[in-house]
Amino acid sequence: MLASIVSLTRPGRDLRVDFLRGLALWFIFIDHTPGNLLGNLTLRNIAFCDATEGFVLLAGYASGIAYGRLMERDGWLPTAAKVIGRVGTLYVAHIFLFVVFTAQVGYSAAALDQAAYLDELQLDPFGQEPYRAMLEALLLRYQPAFLDILPLYIVVLALFALALPLIGRPMVLLGCSFALYAVTRALDFAPPSWTGSGWFFNPFAWQVLFAIGVVLARADPAWLGRRFGWNRWLAGLAFLALVGVAVMLNMVWHGPARGWEPPEWLAAWLIGVDKTGLHPARLLSVLVMTWLIAHLLPADARFLTGRWAAPFVLMGQQSLPVFCAGIFLSFLGRLAIETSAGPWMQAAVNIAGLLALVLVGVVSAWYSGEGRPKRPGPQPVPSLPAASRGASP
Amino acid sequence: MRRLAAPLLLALALGLAPSGVARAEPIACGAPPEALEAAPLPGAFAAIARGQFRVLVVGSASTASGGTSSPDHTWPQRLKALLAVRLTPVVVELETYGARGSTAADHARILATEARRFRPHLVVWQLGTVEAARGMSAEEMSEIVQDAATRLRAARGELTDLMVMDMQFSRFFRANANVEPYRDQLRYAAAASGAHYFSRWTVMKHWAETDRIDLERAPREQRTAVADQLHDCLARALTAYILEGTQRNRR
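Taken in order, these protein sequences are the chains called S and B. Residues in the first sequence are numbered from 1 upward in steps of one, following my numbering. Residues in the second sequence are numbered from 1 upward in steps of one, following my numbering.
Treat the hints with care, as some may be off.
[Stated by the list, open to error] Some but not every residue of chain B turned toward chain S, in silico, with C-beta under 10 Å:
(1) Pro42
(2) Pro89
(3) Asp106
(4) Ala108
(5) Thr113
(6) Arg116
(7) Phe118
(8) Glu131
(9) Gly135
(10) Met136
(11) Phe172
(12) Tyr188
(13) Ala191
(14) Ser199
These are calculated hints, taken from the structure and not from any lab test. On a predicted model such as this, the values are computed, not experimentally measured, just so you know. All C-beta atoms in this analysis are idealised placements derived from N, C-alpha and C, irrespective of residue type, glycine included.
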């Protein structure tokens, strides 16, 4: 079965990107089912950044490849129209997931019947003003818990449609992007939200990660290799820093219960390492990881074309349907874990969840795969440059 | 004579607190020991030594009632009763400010006025549920706690210990609100303010998973009785935590 998945993956692109994107999508599914024991093993437990950062960076990368080629061929308006079409698809997907979310919350509220216990949970905006909440959700001004990544993606992609003319001038693009990031952070600039506490992910800050992805995709790999070449000492330092952060975070989280009090200044600093505005420590963390992975995992690594990586490569290549399916499945996973969080249910949710995600990838690849030559089985990556074949943003 | 009596009282009160294995069961209803690991509580220690211990409790709905059969069965009232028994002859006074839907900012205002008037030796601050349910900013919540702790320290110094208490565990809550960032932020806030962190979430999760107390799955007719039991056990766990903290001061 895995061999036939290999035949559905598209060769000729940087499979590392697809593989990591697939992995990020799987992590997002896991992190969106609270109570899932695998949630203790995902990136967020050991680093400032988590799968969301990886997902946005790689979405930028894939968009840089796909729309960059379109831009060269058709110019701004047709490409921008394509991007806006994509934004429309994402918007519809988000509203669909919002409806599923409200149905799921309604179902579990009835099933668990929490009554007087924790009646404050009914103070959520949807519970208090459902009609208004519906309107605010359509305006993206109301985003319930765990439904915050698609709104981010929608705004970032719309900004990308505006920034397309800069795609040939990476330094200007990066400059504008960093300027917006800096202004956003300095002035607490945020899109409006109904509840008044802002978006969970501020798109004006997070766009910087997407822009970095776009520029990385458009850059000449040889130039990138020279500019950000391998340095053993730097790599050692980067590795130590990542391990240091992992140890520090876990000491602060779990130290007090084991008799170790973290220093007050450290905890005070951690309060400010916000996810909403993509704190520089988070940005740095994901960029350092990217640099390490880019060097430690060669683009022609054998395992990337092998059968065990294939499901993730495929998921990464079919990212939008897999992402939406992941959020949808996480609702079902939550209902299941609410019923029981025992080992059998944990195994069932995770096995069924991953299988379903791969299946969505398979169906999507098969459905959109017309016109592509079928390959009999695993084959080495052709030595074409990454940008020469199609990519789905 | 009073000077002599105080250490004697304290030794009596704390010396009677059984330690180790004996403490874990029935006193804290089998709460996981790591959740009861407390750092020294100098304010509480000194107050108990002087024979008068004032506790101020601020929080939201579970502090106000939480589905119990009467106000006397809420965890703050049970805490008062248990502490009074365990610390006899120390006089234990406890005041509670709990309101449904109140947030960290509301609590900080209460603290600012009541701490000056009541001069507590221990403040138990229960928060996080409303913020998480409404999706309010977790960082702002932490900053409010940090500011309030700084003001409390400026006014009361070492005389008052501050304890932050997180949300009640609930499968529904866990599934439908993004609870973890709020718990992380509460941990940071406590550590940044030199406050103690009592994880009600951890304790209640343990009780629910070991089928000891599971309010969410209790049949409707037993719910009030189970809520009473839950609040009593929470108060027992808190008592164990507080006594552990004061014991540490003695060592």
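Cross-check of the supplied hints:
Here the hint on Pro42 of chain B is broken, as its CB sits about 14 Å from the closest CB of chain S, past 10 Å. Contact between Pro89 of chain B and chain S, as hinted, is not supported at the beta carbon level, the nearest pair being about 31 Å apart and thus beyond 10 Å. Because the beta carbon of Asp106 of chain B sits about 13 Å from the nearest beta carbon in chain S, more than 10 Å, this interface hint is broken. Among the interface hints, the one on Ala108 of chain B is violated; its C-beta lies about 15 Å from the nearest C-beta in chain S, farther than the 10 Å criterion.
Against a cut-off of 10 Å between C-beta atoms, the interface hint on Thr113 of chain B is violated, since the closest Cβ of chain S lies about 23 Å away. With a cut of 10 Å, the hint placing Arg116 of chain B at the interface with chain S is violated, because the nearest CB-to-CB distance is about 24 Å. Because the beta carbon of Phe118 of chain B sits about 25 Å from the nearest beta carbon in chain S, more than 10 Å, this interface hint is broken. Given the 10 Å rule on beta carbons, the hint for Glu131 of chain B holds: about 9 Å separates it from the nearest Cβ of chain S.
Annotation: Gly135 of chain B was flagged as interfacial toward chain S, and the flag holds, the nearest CB pair being 6 Å apart, inside 10 Å. Annotation: interface hint on Met136 of chain B holds; nearest CB of chain S at approximately 5 Å, less than 10 Å. For the restraint placing Phe172 of chain B at the interface with chain S, the shortest Cβ-Cβ distance is roughly 5 Å, inside the 10 Å limit, so the hint holds. Taking 10 Å as the C-beta cut-off, the interface hint given for Tyr188 of chain B holds, the closest approach to chain S being about 5 Å.
Checking Ala191 of chain B against chain S: minimum C-beta separation of about 3 Å stays under 10 Å; hint holds. Interface hint at Ser199 of chain B: satisfied, since its Cβ lies 7 Å from the closest Cβ of chain S, which is below the 10 Å cut-off.
In terms of the numbered hints stated before, the structure departs from hints 1, 2, 3, 4, 5, 6 and 7, listed from lowest to highest.
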